[in-house]
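Novice: In case you want the letters, here they are:
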Amino acid sequence: MRLLDEQAIEHIALGASLLGTGGGGDPHVGKLMALNAIRKHGPVKLVSPSELPDDALIVPSAMMGAPIVIIEKIPNGQEFITAFQGLEGILNKKVYATIPIEAGGVNSMIPIAVAAQLGIPLVDADGMGRAFPELQMVTYHLDGIPASPMVIVDEKGNRVILNTITNNWAEEIARVCTVTMGASVMISLYSMTGRQVKDSGISGIMTFSELIGKAITNARKTNTDPLEDLLDITKGYKLFQGKITDVSRNISGGFNRGLCAISGLDEYTEQSMEIAFQNENLIASKDGTVVASVPDLICIIDVDTLIPVTTETLKFGRRVVVLGIPCVSKWRTPKGIETVGPRYFGYDIDYTPIEKLAAKQEG
Amino acid sequence: MEYRIGIDVGGTNTDAVVVDNSGAIVASIKCPTTTDVFGGINAALHGVLEQLNVKKEAITYAMLGTTHSTNAIVTRKDLLKVGVIRIGKPAGMAIQPMIDWPGDLVTTVSNQVFHVAGGHEFNGKEIFPLDEEALKEAFKAMKGRVEAVAVTSIFSPVSFAHEDRAAALAHEILGDQIPVTLSHEIASIGLLERENAAILNAALNKVARTTALGFKKALENEGVRSAKVYLCQNDGTLMNIDYSIDYPILTIACGPTNSIRGASFLSGCDNALVLDVGGTTSDVGVIRQGFPRESSIAVEIGGVRTNFRMPDLHSLGLGGGSLVKVNGSHVSVGPESVGYRITEEALVFGGSTLTATDIAVRLGLADLGDSSKVAHIPMETAKEAHTVMMDMVQKGIDSMKLTKDPVPLVLVGGGSLLVGNTIEGASEILRPENFSVANALGAAIAQVSGQIERVYSLDSISREKAMEDAKNIATEEAVKAGAAPETVQIVEVDDIPLAYLPGNATRIRVKAVGDLKR
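Protein chains in written order, with the numbering used here: chain A, 10 to 372; chain B, 622 to 1139.
Hints may be right or wrong, so weigh each one.
Simulated DEER-style distance windows between Cβ atoms [what the hints assert, rightly or not]:
id	chain 1	residue 1	chain 2	residue 2	range
1	A	R11	B	T633	27 to 37 Å
2	A	G128	B	R766	53 to 63 Å
3	B	D797	A	R11	51 to 61 Å
4	B	N928	A	I90	29 to 39 Å
5	A	D357	B	S953	45 to 55 Å
6	A	G51	B	T1008	57 to 67 Å
7	A	K103	B	D797	51 to 61 Å
8	B	N861	A	D296	52 to 62 Å
9	A	D234	B	R766	51 to 61 Å
10	A	H50	B	G745	27 to 37 Å
Quick caveat, the hints were computed from the structure, so don't treat them as lab data. Yeah, the Cβ is synthetic: ideal placement off N, Cα and C, and Gly gets one too.
Input sequences plus hints: build the corresponding full structure.
Specialist: As structure tokens, this is what we get:
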């Protein structure tokens, strides 16, 4: 157990924007919610999964909806009091701790605010090790944990409780509710026991985010080679460096489908990279050859500051570095690939781990 | 013949130019910027008019780009006490207004913050009806404690009815004279950044008034009485002076924009790269359709995050005063520089420091100072140093270019003589006359604009209809700001689908620009 203070939150937010792989929403608003909450209620207790009693009730907290809506319609802050009361009523048990559903973007921060406000511990684990767009895209789902009962709460005080036959149905119904309730809502789902968190969660992810955030912050202060530090910490690969020359987007079914073209600079002169993104970056190809694909992490960062760039702020002329980071091994199982592999997102390619692709590039 | 005066207040110099109908510069001057700002403005105005032999009535427009507002925020001086209203309760309570402001600025600006029920959803539906009673209570509580009011309602860029109603109530209770800033009038989606801008704008009202009246008075003192008076905005367009009192925040950081616009005009290029070489650093910017390409990074003003757009600039540690160090066969240039002390410290001016300017003189690129004082530098060394400098320029230009195709490069700024005559990737190199007063010229030739940003649901109207609607509103806004209707053009269209959201909602941003009505 350790306490998270303002400095830790700043670092985690920065790390989370890298793990967001372009999606997950800008953590800035989530960070301010977390800061607002700990200034009011004091620092948050971060506990590792091994510290949890096996039978304790652990409940994820997250935001669902459009990131652009949450930056305008800031939440009320009381949503999870309503949400957890709903769950406790059904499950007949007190919530012991909260846990993030994803480590990337705004949803890495919401559980910190919730833990501070409710005075409960925050578990140092998540269900993605990055950001993904749909509710069934969690390691909890891979291990057969049901999303239901799921609670959806808006800032107005409306509370919807879903009991669905599959986790995919939870995703579909919840998304419709989200729009009706104002396009940015708070959700709680995949209630688990401490035992289940130990087995299915991705342990240590908040601490990992914090390390990444520290490395990026230091990049702005020191003149050492900060990219090397970042690659060391993440076991990542530098895939490319260049400037964005084209960004095209269209929408279908509520998801951005876009392509970002980058033309090479410095040691990558005369080369080009294309990144296919939906809300997150999904496939990176260099001169027509795939060099990384989902579920591995493809991160675009600013060349000078190393600050991660979200898909919504991809702009012509921006100078960037592209990183590839191996995903957690849970995603590399057949069910994992089926749930979040390239084909699920509509790309007709087989998933190959980034380590192998990198070895091929070098060889 | 009619004339326009353009004045630009920079960190070091205050520049003024007078241009005629055809856009030709007929007079120009550079004066040192003074700490009170007006000293420099008065001197520049007086100096430039002295050079001019025309009737004062022939001066029909006067434009000022100034740092008054920026200085006030940075130094925390002359700021008003602001009553802050956020409409949207129960939404918005999770983050207090001004949460990430520097503490001393919060203390200076506001201790009166109220959350009021109301606000809108992304589709324009009310979150809750506006709680007028709570608003009235808030304004009553502010009586005698605030000098201005800032109102920010959730999704006011989509529907501003609640902000408008709040303004009416503020005037009813706090009096007609109280300055009220409504957030939807100055910034776009992003509640906290828009609210920050609204609060700063309200706090700047007194400074804005002083600036506007001061400029008018300075003109009158010089006998310029019939000119229409404008202030420059950060997007390269103008606001008339009455408008500028209500929206001072929009004048923040107009300098770099004026410089790029001036360079575009001087060179006649609508699409080009601009390299502005100063004493210590150089900036590379991009002209697109005559306007600077904007940066996508959130801009901080005095430690406060806003969503204003600033020109996208790439800075290099190379200027006329950059130190050149020779270590055996290894030559390095910058980033250290003698800066403004160049006229004492450079070798050609009798100093003892080897600078980039000395290298340019040795190679015959520039004719400055006493060239005999650099004759001892081996030609090989000078060439090597120049190669290092050109490499820096080359990299900076490469990083700003969007395609491999060569584009024109416009060179401005006092240090631009360092740059040689061929650069890979530049189709041509233009060195316009009067390049040292590009900023003030940018002010003199500025146009007026109208801008809107809305979220449209493409389930209820077609994309084309939505675009057309947005373009019409932007055009109307430009005409309202003083543009001649037949000259208005749409210069920017941005269309971003809302992520993670079915219902085909899209955010459309349109900017229209036109020439001032004669």
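Novice: Now look at each hint and say whether the structure bears it out.
Specialist: Evaluated hints:
no., hint, verdict
1, R11/A with T633/B: 27 to 37 Å, "violated, 50 Å"
2, G128/A with R766/B: 53 to 63 Å, "violated, 35 Å"
3, D797/B with R11/A: 51 to 61 Å, "holds, 57 Å"
4, N928/B with I90/A: 29 to 39 Å, "holds, 31 Å"
5, D357/A with S953/B: 45 to 55 Å, "holds, 52 Å"
6, G51/A with T1008/B: 57 to 67 Å, "holds, 59 Å"
7, K103/A with D797/B: 51 to 61 Å, "holds, 57 Å"
8, N861/B with D296/A: 52 to 62 Å, "holds, 53 Å"
9, D234/A with R766/B: 51 to 61 Å, "holds, 53 Å"
10, H50/A with G745/B: 27 to 37 Å, "holds, 35 Å"
Against the hints set out earlier in the document, violations occur for numbers 1 and 2.
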